[in-house]
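**Student:** This is what each chain is made of:
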Amino acid sequence: NAGVTQTPKFQVLKTGQSMTLQCAQDMNHNSMYWYRQDPGMGLRLIYYSASEGTTDKGEVPNGYNVSRLNKREFSLRLESAAPSQTSVYFCASSESSGNTIYFGEGSWLTVV
Amino acid sequence: QKEVEQNSGPLSVPEGAIASLNCTYSDRGSQSFFWYRQYSGKSPELIMFIYSNGDKEDGRFTAQLNKASQYVSLLIRDSQPSDSATYLCAVEVGGYSTLTFGKGTMLLVSP
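First to last, the protein sequences are chains A and R. Counting from 454, one number per residue, gives the positions in the first sequence under this note's numbering. Counting from 4, one number per residue, gives the positions in the second sequence under this note's numbering.
These are computed hints drawn from the structure, not numbers from a lab. Incorrect hints may appear among the rest.
[Said to hold, decoys possible] Facing chain R, a subset of chain A residues (Cβ under 7 Å, in silico):
#, residue
1, 492
2, 498
3, 517
4, 553
5, 556
6, 558
7, 559
8, 561
9, 564
10, 565
For clarity, every value in this text was computed on a predicted model and none was experimentally measured. All C-beta atoms, glycine included, are put in the ideal place defined by N, C-alpha and C.
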């Protein structure tokens, strides 16, 4: 029972490089989310997709783009990585917006 | 600005004691409330949710909600060292459709 799967788990990037974090869920959930978690800042919403075909900005969207590829998959792209984007990224999903959120295991990203 | 406030802790309790974790929120339109537990280096996992005023019990955990005071709490009875973690309060505001998380309270249960 995989739940929410995100890759890669660890990544080191150089400033200016681009990368995509992949996320897939097998719970047939409608809503998907990307959060970042930084020490002392808690979990902050980057982008979310309330349903397939829609995406919306969260609290901290600058420097990121997302794609809801299909109902299962929701990717997060950093076009030009900056040291300020060093963080732990969590993908999550829920049956619908506002319901219980289930998290993936996290992706540790370091930008040097 | 939707805010969820928690004391960062750490809250230290001896094994077997009751741990009380508190959370306040700013938006009176909030409809649903969640408590997550996060172990160091791991992802948050749901403990409980509560929608209505009053208490909701699940095993050793009790969530308490007071919408008039904009306050939600989590009580952990018979605390165990394995309960040592950071506890995150999350609030959903009706119409906003996502959860806003507090910064979490670290709980330390000593043997």
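**Student:** Each of the hints needs a verdict: does it hold here or not?
**Tutor:** Do the hints match the structure? See the list:
A hinted interface residue such as residue 492/A counts as satisfied when its beta carbon comes closer than 7 Å to some beta carbon of chain R; here the least separation is about 10 Å, so the hint is violated. Because the beta carbon of residue 498/A sits about 6 Å from the nearest beta carbon in chain R, less than 7 Å, this interface hint is met. Interface hint at residue 517/A: violated, since its Cβ lies 16 Å from the closest Cβ of chain R, which is beyond the 7 Å cut-off. The beta carbon of residue 553/A comes within 6 Å of a beta carbon in chain R, closer than 7 Å, and the hint placing it at the interface holds.
With a least beta-carbon distance of about 4 Å to chain R, the hint placing residue 556/A at the interface is held under the 7 Å criterion. Annotation: interface hint on residue 558/A holds; nearest CB of chain R at approximately 5 Å, less than 7 Å. Nearest Cβ of chain R to the Cβ of residue 559/A: about 5 Å, under the 7 Å cut. The hint holds. With a least beta-carbon distance of about 9 Å to chain R, the hint placing residue 561/A at the interface is violated under the 7 Å criterion.
Using the Cβ-Cβ criterion of 7 Å, the hint placing residue 564/A at the interface with chain R is not satisfied: the shortest such distance is roughly 20 Å. With its C-beta approaching chain R no nearer than about 21 Å, residue 565/A sits outside the 7 Å limit, and its interface hint is violated.
The structure shown violates the earlier hints numbered 1, 3, 8, 9, 10.
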